[in-house]
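For the record, the sequence lines run as chains A and B.
As numbered in this note's numbering, residues 1 to 154 make up the first sequence, in order.
As numbered in this note's numbering, residues 155 to 516 make up the second sequence, in order.
Hints were generated in silico from the structure; no laboratory data involved.
Careful, some of the hints might be misleading.
Claimed, not checked - What follows is a list of derived Cβ distance ranges for each label pair:
| # | chain 1 | residue 1 | chain 2 | residue 2 | range |
| --- | --- | --- | --- | --- | --- |
| 1 | B | L460 | A | V148 | 42 to 48 Å |
| 2 | B | R308 | A | D75 | 49 to 55 Å |
| 3 | A | N62 | B | R472 | 41 to 47 Å |
| 4 | B | N316 | A | T135 | 35 to 41 Å |
| 5 | A | D75 | B | E485 | 53 to 59 Å |
| 6 | B | E411 | A | D75 | 48 to 54 Å |
| 7 | B | G382 | A | D120 | 47 to 53 Å |
| 8 | B | L399 | A | T135 | 35 to 41 Å |
| 9 | A | D120 | B | R367 | 47 to 53 Å |
| 10 | B | N430 | A | T135 | 26 to 32 Å |
| 11 | B | L399 | A | D75 | 20 to 26 Å |
| 12 | B | N375 | A | D120 | 54 to 60 Å |
| 13 | A | G152 | B | R472 | 45 to 51 Å |
| 14 | A | D120 | B | G208 | 42 to 48 Å |
As the list claims (entries may be wrong) - Okay, derived cross-link-like pairs now, DSS-like style, lysine-lysine, Cα gap no bigger than 25 Å in a straight line:
| # | chain 1 | residue 1 | chain 2 | residue 2 |
| --- | --- | --- | --- | --- |
| 15 | A | K115 | A | K144 |
| 16 | A | K144 | A | K84 |
| 17 | B | K383 | A | K84 |
| 18 | A | K52 | A | K84 |
| 19 | B | K383 | B | K346 |
| 20 | A | K84 | B | K431 |
Glycine included, each C-beta is placed from N, C-alpha and C at the ideal position.
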Amino acid sequence: MNDWMRLTILQFFFALAIIPTGLVNANETGALVLVANVDSKLGELSLRDVRKAYLGSRVGVNETVLVPLVNRIDDPLYEIFLQKVMFMSSQAYQRQLLRHFLQGKGQRPAEYRDKSDLLDHLSRNASAVTYIMWTEELNRLGLKVVTVLWNGES
Amino acid sequence: MTYLKNTFLTVSFVLLAAQKTMALEIVWGGYLNAGFAVSDSATLYRDTEIDDRGSFGDTIFGLNMGADLGEELKLAAQLATHPGGENIEVDWAFASYRLSDTLNVAVGQLKYPGNLVSEYVDVGYLYPWIRPPQGVYSHGHSQFRTSLTLRSFRGVRLLYSNLFDSKSLGGIDYDFQFYAGAANENFITHDKLLGALATASMGQMRLLLGYNRSNLDVLENPSAPMNGKYMEMLTVGATAEWSGLVTYGEFVRSETEDVVMQDTNGGYLTLGYRFNKLLPHMTYSFFDQRSGLGQRTWTLGLRKELTSASALKIEWQRIKPKAASSESVNEIPMLEGLSGLFQSVPLEDKVDVFSIAVSILF
């Protein structure tokens, strides 16, 4: 290995070390709830059904098929959902989703990074659900809690 | 290739038209690996063409879409570039139909499922390395180097999957796949392809056992000794992540009818430990062909999560290639000038490769 390669490697390690690490501290957050449109007829769902739906499997409830929406508006919320509900890392979750998708076993849930788009989908589809931690805004947003996924305690 | 591009465009057009008329929901996704690698040898390494001048050959892009057409019918396709390649190709495009809760059939161009990471071999975000261990995941770099994996195949696949609930172990997902078709790799076509695969997953652990048989035909070389011969592959693999410890291990054995020189063993073992957003890892990878051709590779790498769908990776590799024995070359002249996964025999006994990449999933 020549000198400039060594120097380059050292520079990259240094750059890596100074990139800030955004750790998720679940203890500093509130409850994580699964919500739907306030007019939705969805009742309480089991965590097993929620996990199945978010892994792309078809989950039927009250003669409709659950439509899980992945809330990617902010990364910490997404990571809490993966840690506390799916019990897997983002990589493991995406690997399982892709494998299920390629095997024709399931459809990947749609992802939303824009809050108004996510709320718009929820308002149009009574079978659609997503997870949030903004419980104080439920009434204003026209949403109702379907299931408490995690009560905020580790 | 024009046919494949047209297929993808047709599928896209049909789905978009259906989306307008049937309020069909299409889910789009994709990935980008942006990578640079440089070695201390002037000899080109593998199909990303890494040498001492540096290469961006690890830079690849893929865009995929899936749609639920109702009545248990699904359609999916992916357009992608491959390492070292300049063309956009249809990686997979298939329709699948759910026959029952446990049984599913798919037809079209299907991603090869026979190895531990072959279904997402180009999606760098989903594994620790910049490129999967080349002892197994190399794709036909010469007419005589057998692939121990395939990219995709055209054909049909039957999948049985179920969940076994164990009081002591929890839920175990398991599936059996049977597939048949034909595959085109860089230099070799695989006709009369038949395969069977069993996998079991529990939490973040996955075990795989696969068998594959195909009839070989070397493109543009009618005198190649493996033309018209059957090749069989047996694969055993496992991956697990537990309390921060990350492990991958895979072994593949390939045998070719009447061409014992081409019989190959390949495998690797990866160990890593996840410290929050950092994953340092180490891999030993090898492949050995009966002809004497082979390679040993040590990889030290570090992965850092940048966001929940992107990672920065750096790697250092030490590669020790082996050339075919002179007896093998006398018997099969095609072996002359080959060494490991290099394009020709490097001047150096050991070659160091430094790589950096950003992998994004969207």
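Hint by hint, here is what the structure shows:
1. The supplied range of 42 to 48 Å is broken by L460(B) and V148(A), whose beta-carbon atoms lie about 31 Å from each other.
2. Taking 49 to 55 Å as the suggested C-beta distance range, the pair R308(B) and D75(A) does not conform, at roughly 39 Å.
3. Here the CB-CB span from N62(A) to R472(B) is close to 60 Å, at odds with the stated 41 to 47 Å.
4. Distance hint check: the CB atoms of N316(B) and T135(A) are about 37 Å apart, consistent with the given range 35 to 41 Å.
5. Separation of D75(A) from E485(B) is about 58 Å and conforms to the stated range, judged on CB atoms against 53 to 59 Å.
6. A beta carbon spacing of about 52 Å between E411(B) and D75(A) agrees with the range 48 to 54 Å that was offered as a hint.
7. Between G382(B) and D120(A) the C-beta distance comes to about 59 Å, which lies outside the given range of 47 to 53 Å.
8. The hinted range of 35 to 41 Å is satisfied by L399(B) and T135(A), whose Cβ atoms lie roughly 36 Å apart.
9. A beta carbon spacing of about 51 Å between D120(A) and R367(B) agrees with the range 47 to 53 Å that was offered as a hint.
10. In this structure the supplied range 26 to 32 Å holds for N430(B) paired with T135(A), their Cβ-Cβ distance being about 28 Å.
11. L399(B) and D75(A) have their C-beta atoms about 24 Å apart, which keeps the hinted 20 to 26 Å range intact.
12. Evaluation of the 54 to 60 Å hint for N375(B) and D120(A) yields a pass: the beta carbon distance comes to about 58 Å.
13. The supplied range of 45 to 51 Å is met by G152(A) and R472(B), whose beta-carbon atoms lie about 48 Å from each other.
14. Hint check: D120(A) to G208(B), Cβ distance near 47 Å, so the stated range 42 to 48 Å holds.
15. A C-alpha spacing of about 16 Å is found between K115(A) and K144(A), which places the hinted pair at or below 25 Å, so the restraint holds.
16. Restraint check for K144(A) and K84(A): satisfied, since their Cα atoms lie roughly 21 Å apart, inside the 25 Å limit.
17. A distance of roughly 52 Å separates the Cα atoms of K383(B) and K84(A); the hinted pair therefore is violated under the 25 Å criterion.
18. Restraint check: the Cα-Cα separation between K52(A) and K84(A) comes to about 15 Å, which is no more than 25 Å; the hinted pair holds.
19. Pair hint K383(B) plus K346(B) holds up; C-alpha atoms about 11 Å apart against a cutoff of 25 Å.
20. Under the criterion of a C-alpha separation no larger than 25 Å, the hint pairing K84(A) with K431(B) is consistent with the structure, at around 17 Å.
When held up to the earlier numbered hints, the structure conflicts with 1, 2, 3, 7, 17 and fits the remainder.
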